[in-house]
Amino acid sequence: MTTLDSSKAGHHGDHGHHGGSYLTPKGGWLTTVIDWATTVDHKKIGVMYLVAVLFMFFLGGVAALVVRTELMTPVRTVEVQATDPATGKAMVDADGKPVMKSEIRGQWLGEMKAKIDGQELTSIDGGNNWYNRAFTLHGAIMVFMVIIPSIPASLGNFLIPLMLGAKDVAFPRLNLLSWYVYVTGSIFAVCSIVIGGVDTGWTFYTPYSTTTDAEYANVVLMVLGAFILGFSSILTGLNFVVTVHKLRAPGMGWFDMPLFIWAMYSTSIIQVLATPVIGITLLLLIFERMFKIGIFDPALGGDPVLYQHFFWFYSHPVVYVMILPAFGVISEIIPVHGHKKIFGYRAVAFASLGVALVSFLVWGHHMFASSGELAATVFSALTFLVAIPTAVKVFNWIATLYKSSIALTTPMWYALMFLFLFSIGGLTGLPLGTLATDLHLHDSYYVVAHFHYVMMGGTIITFVGGLHHWWPKMFGRMYNQFWANIGAFTVFIGFNVTFFTQFFLGTQGMPRRYASYIDDYQIYHQISTVGSYLLLVGFLIHLFVFLHSLVAGRKAPANPWGGLTLEWEATSPPDEHNFHHEPMVKHGPYDFETTVPPHWDPKDYPLPALPKHAH
Amino acid sequence: MSTLDTRSGLGNDVPLWKRYVAGHHWRNAEEEFDACTLGFWLFLATEVLLFAGLFCAYAILRFKYPDAFVNGSSYLDWRWGCVNTGVLLISSYTMAASIRMFQLDRQSTGKLLLAITFICGIGFLFVKGTFEYLPKLSGWFFFLDPALPHYLDFKNGEALGGLFVHIDGYGGKAPGQFFSYAFSSDPWEPLWWSVYYCATGIHALHVVIGMSLIAWCWVRARMGAYGPTHYTMVENTGLYWHLVDLIWIFLFPLLYLIH
Amino acid sequence: MIEILGKLSMTLAPTTLAAESQPTYSWWFRNYGATENATHSDAIFMNIWWISIGWFVFLMALMVYFVIRYRRRPGVPAPYSPSHNTTLEIAWTIFPCLFLVYMFLAGFHGYIEKMVAPGDSIEMNLTAKKWDWTITYPNGASSPERTVVGAAAKTQIGDATPGARPIPIFYVPGDTPIKFNMVSQDVMHSFWVPDFRVKMDIFPNRYTTYWFEAKGPDEKSMTLKDSTGKDVLTAQGQKVHYNDHYIFCAEYCGDQHSEMWGIIRVVPRAFYASKIEEWNIEGKTPEEIGKLVYQSQGCSACHTVDGAKGAAPTWKDLFGNTVPTNVGPVLADENYIREAIYTPAAKIHEGYPSNMPVFTTAQIDERRMQGLIAYMKSISSKAPKSDAAAPAADTKDASKK
Amino acid sequence: MSNAHAPSASHGFDELDPHGAGKHTTHSHHIVSGVTLLGILGILLMFTALTVGLAQGEKWVMSYFSIELPRWVNVAVAMSIATVKATLVLMYFMLLRYSNPINTIVFLVCLLAFALFLFFTGLDLGNRGNIDPVKATAIQAGGVGGIKAGWSKDAPIIDKATVVYWRERKLNEVGPEKFAKMKAAFGHSHAAHASHGPAGPTGNAAHVPAGLTPGLFDAAAPAAHDAHGGSGH
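Chains as they are written, first to last, in the numbering used here: chain A, 4 to 618; chain B, 563 to 821; chain C, 149 to 549; chain D, 1077 to 1309.
Calculated from the structure, these hints are not laboratory results.
Hints are supplied without guarantee of correctness; some may be wrong.
Below, computed lysine-lysine pairings styled on DSSO-like, alpha-carbon distance capped at 30 Å [to be verified]:
| hint | chain 1 | residue 1 | chain 2 | residue 2 |
| --- | --- | --- | --- | --- |
| 1 | C | Lys-387 | C | Lys-373 |
| 2 | C | Lys-457 | D | Lys-1229 |
| 3 | D | Lys-1236 | B | Lys-673 |
| 4 | D | Lys-1224 | B | Lys-690 |
| 5 | D | Lys-1257 | C | Lys-495 |
| 6 | D | Lys-1254 | B | Lys-673 |
| 7 | C | Lys-495 | D | Lys-1229 |
| 8 | B | Lys-626 | D | Lys-1229 |
| 9 | B | Lys-690 | D | Lys-1257 |
| 10 | C | Lys-464 | C | Lys-387 |
| 11 | C | Lys-373 | D | Lys-1229 |
| 12 | A | Lys-606 | A | Lys-29 |
| 13 | D | Lys-1229 | B | Lys-673 |
| 14 | B | Lys-673 | B | Lys-580 |
| 15 | C | Lys-423 | C | Lys-378 |
| 16 | D | Lys-1229 | D | Lys-1257 |
| 17 | D | Lys-1229 | B | Lys-580 |
| 18 | C | Lys-373 | B | Lys-626 |
| 19 | C | Lys-423 | C | Lys-495 |
| 20 | B | Lys-673 | B | Lys-717 |
| 21 | C | Lys-387 | C | Lys-432 |
| 22 | B | Lys-673 | D | Lys-1257 |
| 23 | B | Lys-580 | D | Lys-1236 |
| 24 | D | Lys-1254 | B | Lys-580 |
| 25 | C | Lys-378 | C | Lys-363 |
| 26 | C | Lys-373 | C | Lys-363 |
| 27 | A | Lys-606 | A | Lys-406 |
| 28 | D | Lys-1224 | B | Lys-626 |
| 29 | B | Lys-673 | D | Lys-1224 |
| 30 | C | Lys-378 | C | Lys-368 |
| 31 | C | Lys-423 | C | Lys-368 |
| 32 | C | Lys-530 | C | Lys-495 |
| 33 | C | Lys-368 | C | Lys-387 |
Predicted model, so just to flag it, every value in this text is computed and none were measured.
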């Protein structure tokens, strides 16, 4: 940490004579806004994605806190006053005291419905409706609008051309389009929330999703939003695949690419191949809702399990769209901050591709409890295959730490946390792939805890870690590492407190998506809720650290951590066209033993001495 | 890619395609073309997988309700399907030939072939809409429909001065909750119609998108944008149009020729 | 293939690591599991758990050691090491596979145990609907017993205060294999008894099965008491012991998904037999039949019989009154009630949602329907008593023939 | 960064060679000969005729010899021909034969994903108990009552199998006699023949020409279709 406190840092990044960085405003604020809104620069688009994703993360996080708060007590914690559907007024009892929904559970109709249209009321609101909407909101936003685009669209967009030594992604205008598509999809989803929300769960399982709130368009809007977001995902993935194929710098072979690129490449392949299936699924779901076409509706001869196959053919591979980029980020952070060549480069690279392939073979493990014995057996066997490449990656990362030189910077702390959390997430997945135990654990809090360990402990933690790693490159400012570390530890502790307890809830019998539960579970829920508040505090600390860095951060040197990949050859922040000269690749991305990092100034940051033979 | 830019430094007397300059991040136009084609193939892959869902739904439901599918299919006339297959195949040929013309700098033939392709698209949609969708959905027949004379016993309305004739009881083979056909012989026939309209409807949507692309190509071709060294847009439009054809090649036997 | 796998798993998986004879109980679970399959499944879970613990501790210990040992110190050169070792990499790719093979086979073994019901199981039909369960016993009876969790004394399965909605209690015999044929009437549900460690999704339009052989109650189990707190005694004058197990719906199904609970009450076989005989409609008056149907078919979840406001119109004084519906006022006579049960969407009571489930003639046959009508008449002041008596008597006669 | 454009622009122009594009060293500018394209079109049209012919022929064989061919024959024949046609389109119209092999790989990978999707979904759903049609009318759509016929507020609610509902409604509207006539005219049902046992008593005379709208292209002979199946016979 102290290594970076040199006040002279940053002079390498200051190449004023080459024209401004990509962040330099083009003129007045209006010009600047128009410039950003119409930019085809991958860096600006990456930053725009970052802002959008973080905003959605905030929304989804609020929903999560609401859910956790509700679960503090076995009954209603957050009370909602009931509405008399006949009069549309808030209900009071004879003494003028407000009547809460929980008191009249199952007796009166939904406040929301009554407000919109007093005519035909289609579902009873026993007071759980808003809770169901909150967890659906949390799930849908976090999956479709945060985790899927988090690393690929923000860090990926920013870094892939830089790491490849290219001036831009293959199709810059398509890239901008994909951002607008993302925003459009998000607006649809948010609209659906504003006009009343969706209570289907993020999985939109039929026939519930096609019939709930039958008179209202909320579900259609939300599904349409997810459908549109799919296009954004496809365009991004397609762009990256072509970029990796066609725009590598001279001298960069496939095995000279940084592992982040390998991970992003695998991710993009999954995005391209899986997303269209969710497209048609959601389209058919919309038709099902609007026209009752019956393909998924058992009352009309369709098959709800068919919907599940459609849905999970996308949504399982997409789990790897979420976690593979995180693997890529870790494969960058550990070698750079450990200043050591990654152990088993090819194994890690092929493991990425292997995960991408296997991801298309295992979706059925989301349906073990729906009774298809043959398919369940086959899918269970295939599911265990996923464990192999992921385990290989973890072994490689830990082997990389061996005889390295570990600088305990904030990104490195995050990488270590990732190893801890992802190991738990991965290992707790084993009983879920095991048929006998899954029949008990499926759809319980055990599953909730497991996928939060993977999705949040894996992806979000790494996203924040990666953000800390490339923040100086993206914005040309250093941040306060002391407070960033405090934030990281708070997040780590908060995360474990929140989610480890949920494993016990699950094994003991707490089903997911429950607003009320038997009293025995309360202590676990309370611990979990306290943990979630701690998580909030941790993220707020990060927010302030970043804001402080933007306003008052020290200027960042071009290469603050001593990385060897090409993005560190650019200035911090990079020029509009990334590099002054097309970079030639003369060393591997992790050849720390033989190469002095570009722009290295020992006064900026001390690196371990090179071994003797390198000189 | 770029349009009326002046980056090449050549004057307006030189055709637009000769003035084309690759995007700034490409080393040369060759690489850009290669990348665009690869990108477009990836996009085509997503299109195929979009239809994969429909084919999968078709397979599962046909496996479950074979009779409903056979019955439902019997309402479709394979000869209209055949005509449309021919139309699409011919249009695919004209599209491919058009690209060839632009590669050889035979601009006017290229444009003509593009126009023919477009007209074939219209023909496809016309047959689909007038002779298949319209009567089946609503019972309204186009007066030239060869099947019409056989149903005149049940005629109960006319519109637009006899241009369209309504046949009582023929219509209503609509998807889902709009289904109201009274003479089905299998309880699951509405499902067949759902699959039929989803598959052909989404395919027709792709025809429309393809036609828009072709129209755009035609407009640009009039401006002289395509020639031997630069025809990326026509090439990719062609790929898209062939994909539309490709999907139909599978839809035709699956929908029209089952028994 | 299934057979081969089955043999393989029998020989390799079940007892290699776990002490199967000992019930595995840890802080992971609330109890030992109420069936043998549950205990077995817990053993598999604990095996995987200890394997995972082993790997986790090993990896984290390495990581922590490396971080401390190789932390960056000024002026200290990095002790570089090779970045590649084929033997090691192949070894650590293959070695974990052994554990995975064990897990798959053990899981498969336990899965088949949980999925395949013994041939001599007692078959019962279970119907799920928003947000209630119904079980039909082999003799056609259904359990009319419900309890308000939290209102009663603390039970052995943990107290809860989720609200006033009563949840059904299903009596099943202990130490007897029981198989449910399950189907849903509306959306998907999932039948989960955590103490049995199995859940199974319930679909509309497709039957799934669920089987268990619950360990019977013993002397340490709770004793059954009636509403006044007195011990329930068998015909032989013995106290009745029972074990309760929660049922949860585990597939999200809407607003009151969170309260779609039930209780499986495991009682001795003889007591179970007497219970379902008690609920049998044979030899009962139409009014009694109606009351049983009212309790067992879930009517009581929404309709009250004392005039209190519920999620649906009360039955108190319903019969013979004029009902405001969406198609105008309708006289609530026999035909109206019949239609409202078999085709609820036909006429919808003003001010109430159209969410009454459809009942089929298989669920409510003619006798039960007449019973319901008789029961409604008996609690309606509007029903002309002289008229009400006549058809009821007829039905009684009919049932005797 | 204007200097960045210069090399690429000049590079693009050096290679300008309208009449010798085929001589380019890269694979992307192959020009397929006009004869090949026309030939492919011919083959495609021929295969279209073939697939129709085989389908009709199969039907004729089934009715003439009063035999049942398994359903997969029909599908397998049609799909094989469609695959050949698709391959031709891909290779010659879409130029996969001449373009960068990576494009072919992309397409094959996509087909692999398609195959996996179809295979595993079929593996599961094909091996589960079939949906039980008997229950169809007892199940409500999501528990909110029957399905509305259309969107309008006063649309009727269908509380039984859709097909039955509309049949009964029409029967009430037009009366049994006219209903029978209409059914004879509109319905081409031949499922009874195709799947339930051998051909009807009248052999191929009663066999409905499935897939033919009566009178299409042969308006001169409208009477023939009156003999075709349906409840009138």
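Of the numbered hints stated previously, which ones are contradicted by the structure, given in increasing order? 3, 5, 6, 8, 10, 11, 12, 13, 16, 17, 18, 19, 20, 22, 23, 24, 29
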